[in-house]
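Undergrad: As a plain string of letters, each chain reads:
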Amino acid sequence: MKELLRAARVIARRDCTAVVLSRTFILFLIGPLLPIIIGMVFAGFTEKISSTDLRPVVGIAMTPSDTGRMTAAHERLSARMGPQALVRLRAVPSTPGPRELLARPDSNVVAILSGSVMQPVLTGKTDDLDKLQGDLSLIASAAAMDKALHLIKVERQEVTTSLGAQAQARLLIGRVAQIVMFFLTILLAGMILSNLVEEKTNKIIEILAAAVPIDAIFLGKLMAMLAMSFVGIAFWGGTAFTIFLALKGTTAGLPSPAVGWPMFLILAVVYFAMAYTLLGSLFLGIGAQAATVREVQTLNMPVTMGQMMIFFFASYAVDHMGDPVEMAAAIFPFSSPFTMIARAAQEPAIWPHLVAIVWQGLFVALIIRVGVLLFRRHVMQSGGQWWKRLFRAATG
Amino acid sequence: MNDASAALPSHPEAARDAAYALEGHGLVKIFGAFRAVDGIDIAVPTGSIYGILGPNGAGKTTLLRTLLGIVDPDEGHRRLLGEDQPLRMARMVGYLPEERGLYPSMKAFEAIAFMGALRGLPLKIGRVRAREMLEAHGMGASAEKPIRQLSKGMAQTVQLFGTIIHEPRLIVLDEPFSGLDAINQEKLEALIREQARRGVTVLFSTHVIAHAERLCERIAIVAGGRIRFEGTVSAARDRLRPQVSLRTRASDGAWRRALPADTLAQDGTWHFALPEEGIEPLLRELIEGQAGIESLSIERPGLHDAFVAIAGAAAAQGMRSEAAGEDEA
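Sequences listed follow chains H and R, in order. Residues in the first sequence are numbered from 1 upward in steps of one, following the numbering used here. Residues in the second sequence are numbered from 1 upward in steps of one, following the numbering used here.
Treat the hints with care, as some may be off.
Okay, derived cross-link-like pairs now, SDA-like style, lysine to any residue, Cα gap no bigger than 20 Å in a straight line [said to hold, decoys possible]:
id : chain 1 : residue 1 : chain 2 : residue 2
1  : R       : Lys145    : H       : Asn202
2  : H       : Lys2      : R       : Leu123
3  : H       : Lys203    : R       : Gln159
4  : R       : Lys152    : H       : Glu198
5  : R       : Lys124    : H       : Ala72
6  : R       : Lys145    : H       : Lys2
7  : H       : Lys131    : R       : Asp252
8  : R       : Lys107    : H       : Thr201
9  : R       : Lys152    : H       : Thr201
10 : H       : Lys203    : R       : Ser151
11 : R       : Lys124    : H       : Pro120
12 : R       : Lys107    : H       : Arg13
13 : H       : Lys203    : R       : Glu186
14 : R       : Lys152    : R       : Glu186
15 : R       : Lys107    : H       : Phe25
16 : H       : Lys2      : R       : Pro281
17 : R       : Lys107    : H       : Lys2
18 : R       : Lys145    : H       : Val20
19 : H       : Lys131    : R       : Val308
For the chain R half of the interface with chain H, some residues (derived, Cβ under 7 Å), not all of them [said to hold, decoys possible]:
id : residue
20 : Leu87
21 : Phe114
22 : Phe272
In short, the hints are calculated from the structure, not lab data. Ideal Cβ placement from N, Cα and C applies to all residues, glycine included.
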């Protein structure tokens with residue numbers, strides 16, 4: 001076992017260094033951030049566009065007194081409803097009349113409100129009148145009242161806890177954790193499919209297989225990819241946390257998962273590692289059978305679909321805490337990490353997690369072993385009845 | 001190198017004292033319906049240079065892979081440095097496969113150190129040794145270059161260094177000379193001799209007989225998945241009687257009856273195997289029969305001739321055409 005782990009570490013170090021120190025890894029790190037960066041750039045752009053104010057402008061052609069009342073009413077309403085809610089008002093000369101003013105190319109207003117506060121007249125095209133009539137009626141009504149709008153005060157009654165809200169918040173945390181874990185897994189585990197192709201195409205597999213047990217090769221590759229994933233997650237997580245702090249300023253308002261944030265984060269890391277190694281060992285085993293990159297590409301789709309199904313299963317189970325379906329999802333090794341992280345958000349007990357982690361670990365070992373034996377049989381063309389060797393020592 | 005040697009794994013008694021570094025008994029390896037190795041018994045004496053000769057497809061590579069534990073035999077058993085599970089002795093073995101393989105983006109010295117690390121040599125020591133080896137062989141400037149930037153011969157040398165960097169007790173080289181130019185072949189021969197002088201067992205396969213003839217103490221000739229001969233090079237040659245070439249002034253006479261039945265005449269020269277009773281009775285007949293001896297030579301057959309005789313004319317033909325192909329290349 002010691003020798004197996006030593007050899008696995010040698011391979012993991014090589015693989016991890018080869019990936020992390022390559023130029024393409026920078027792209028790999030930035031890749032998932034691109035949609036966010038682009039989104040933020042576009043959001044800023046959109047905000048800039050909206051801040052340039054494309055709200056329709058209505059000219060006020062009233063007496064100075066009425067114009068002042070209309071403007072004051074507009075300000076009061078805007079303060080309550082938000083600046084984007086109402087049309088913009090601009091004072092225009094009373095003469096010539098509204099029709100003549102609108103006919104001029106430099107009018108810069110969509111419609112003109114003339115008359116008085118009590119009897120306003122809106123001049124404009126039919127479509128514009130349909131859109132603006134309600135707004136201007138509201139402003140005129142407010143102007144007619146001269147003073148602030150009367151508000152009905154809602155009395156406040158505070159409670160210290162709301163279990164319904166807490167349950168909802170924890171369900172949400174569980175769902176978010178599942179989704180994040182799923183996306184990270186789908187983003188990263190698929191890469192393992194093609195992990196042995198380099199060794200096979202470059203004939204390095206012969207050197208590795210002569211020096212170390214194939215179990216060590218598989219384990220080393222999983223360790224390397226997991227380490228690389230943690231580098232990525234640290235980078236993306238750090239960036240996301242920084243953005244979150246920049247936007248929200250504090251984490252104090254976040255609801256707490258059932259096991260508490262520190263334990264939840266530890267479990268999230270462990271369950272991600274388990275989900276990754278469970279799927280990764282399966283993908284490594286499947287990918288190892290492929291002789292070429294083309295074959296690996298062909299395998300990508302069914303593998304992704306398989307991941308989706310596992311996620312849907314675990315996702316369905318979140319809403320059925322304690323039901324047989326949730327138990328099944330927790331026991332089925334591939335959906336177990338996703339189900340258990342949702343459970344950690346909703347249930348405070350720790351021992352089920354310890355059992356689940358051991359259970360998942362056993363399956364990782366089993367899947368690696370089966371993958372190795374199939375690899376030896378089909379790729380290395382060695383070994384007869386592979387199931388007889390399932391529980392033999394790796395060097396045996 | 002002293003501190004580096006200290007980091008090497010200790011060699012179990014079995015590995016040090018075993019009379020044979022490698023043993024295989026009744027080995028059979030079947031791919032589908034093809035018996036690549038068909039009941040081979042082999043024993044490579046510790047500290048010897050041992051050659052496995054045979055044409056392509058003879059089963060040499062499969063035999064080596066089976067002995068090393070890369071593939072398991074379908075029948076039979078093997079012992080490597082006294083251990084039934086070959087991979088348990090991997091730290092004491094260096095293996096250069098027929099199909100060379102290196103990570104293209106790895107630097108030369110890193111590739112050598114990595115191969116050592118696979119066999120248990122700490123990376124730090126491996127890196128120091130790798131640089132020393134490259135330096136000593138005039139490749140110091142290439143130490144930092146990625147493998148993809150090296151010539152094929154240099155990459156092959158890097159892989160060879162990776163095979164021996166951890167100072168193994170047994171070195172197994174599968175067709176090590178293929179792809180190397182004459183100078184590098186010479187260097188490789190020197191390196192094999194150097195390793196053998198240090199007590200390392202060297203086992204290599206080749207289809208170029210000259211290398212085996214120069215290097216090996218013992219050989220096994222493999223054809224059709226079976227060992228057709230096993231013994232010293234000298235014993236292999238002794239399988240054939242020396243060849244006599246005789247040129248006479250007279251073309252016919254009573255003396256002709258003294259020539260062996262399978263004598264061939266070619267360009268006025270008689271060719272035949274030296275009779276078992278020796279050359280003297282024949283000489284007497286030739287002189288008394290007034291054959292008029294112009295020239296007479298007796299040549300001991302080379303290993304190549306022995307190989308032809310042992311492995312069969314068909315196998316030799318395949319090998320000659322391959323050798324011719326390599327020469328042209």
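Undergrad: A separate judgement is required for each hint: does it hold in the structure or not?
TA: Consistency of the hints with the structure:
Pair hint lysine 145(R) plus asparagine 202(H) holds up; C-alpha atoms about 18 Å apart against a cutoff of 20 Å. Between lysine 2(H) and leucine 123(R), the direct Cα distance comes to roughly 17 Å. Compliance with the 20 Å bound is thereby established for this hinted pair. The hinted pair formed by lysine 203(H) and glutamine 159(R) meets the criterion: a straight-line CA distance of about 12 Å does not exceed 20 Å. Proximity of lysine 152(R) to glutamate 198(H) is assessed by CA-CA distance (about 19 Å); at most 20 Å being required, the pair is judged to hold.
A hinted pair counts as satisfied when its Cα atoms are at most 20 Å apart, and lysine 124(R) with alanine 72(H) does not qualify at roughly 79 Å. This hinted pair does not check out: lysine 145(R) and lysine 2(H) have alpha carbons roughly 33 Å apart, beyond 20 Å. Our distance criterion of 20 Å between C-alpha atoms is broken by lysine 131(H) and aspartate 252(R), whose separation comes to about 130 Å. Among the hinted pairs, lysine 107(R) with threonine 201(H) is consistent with the structure: their alpha-carbon atoms are about 19 Å apart, no more than 20 Å.
Between lysine 152(R) and threonine 201(H) the alpha-carbon distance is near 17 Å, which keeps this suggested pair within the 20 Å criterion. With a CA separation close to 17 Å, the supplied pair lysine 203(H) and serine 151(R) stays within the 20 Å bound. Simply put, lysine 124(R) and proline 120(H) have alpha-carbon atoms about 89 Å apart, too far for the 20 Å limit, and the pair is violated. With a CA separation close to 15 Å, the supplied pair lysine 107(R) and arginine 13(H) stays within the 20 Å bound.
About 26 Å separates the Cα atoms of lysine 203(H) and glutamate 186(R), which puts this hinted pair outside 20 Å; it is violated. Between lysine 152(R) and glutamate 186(R) the alpha-carbon distance is near 17 Å, which keeps this suggested pair within the 20 Å criterion. Restraint check for lysine 107(R) and phenylalanine 25(H): the C-alpha separation of about 19 Å stays at or below 20 Å, so the hint holds. The hinted pair formed by lysine 2(H) and proline 281(R) fails the criterion: a straight-line CA distance of about 72 Å is larger than 20 Å.
Between the alpha carbons of lysine 107(R) and lysine 2(H) the distance comes to roughly 28 Å, so the proposed pair goes past 20 Å and is violated. Taking the CA atoms of lysine 145(R) and valine 20(H), the gap is about 19 Å. The hint holds against a cut of 20 Å. This hinted pair does not check out: lysine 131(H) and valine 308(R) have alpha carbons roughly 102 Å apart, beyond 20 Å. Given the 7 Å rule on beta carbons, the hint for leucine 87(R) holds: about 4 Å separates it from the nearest Cβ of chain H.
For phenylalanine 114(R), the shortest C-beta to C-beta distance to chain H is roughly 6 Å, which falls under 7 Å, so the interface hint holds. At a threshold of 7 Å, the smallest CB-CB gap from phenylalanine 272(R) to chain H is about 47 Å, leaving the interface hint violated.
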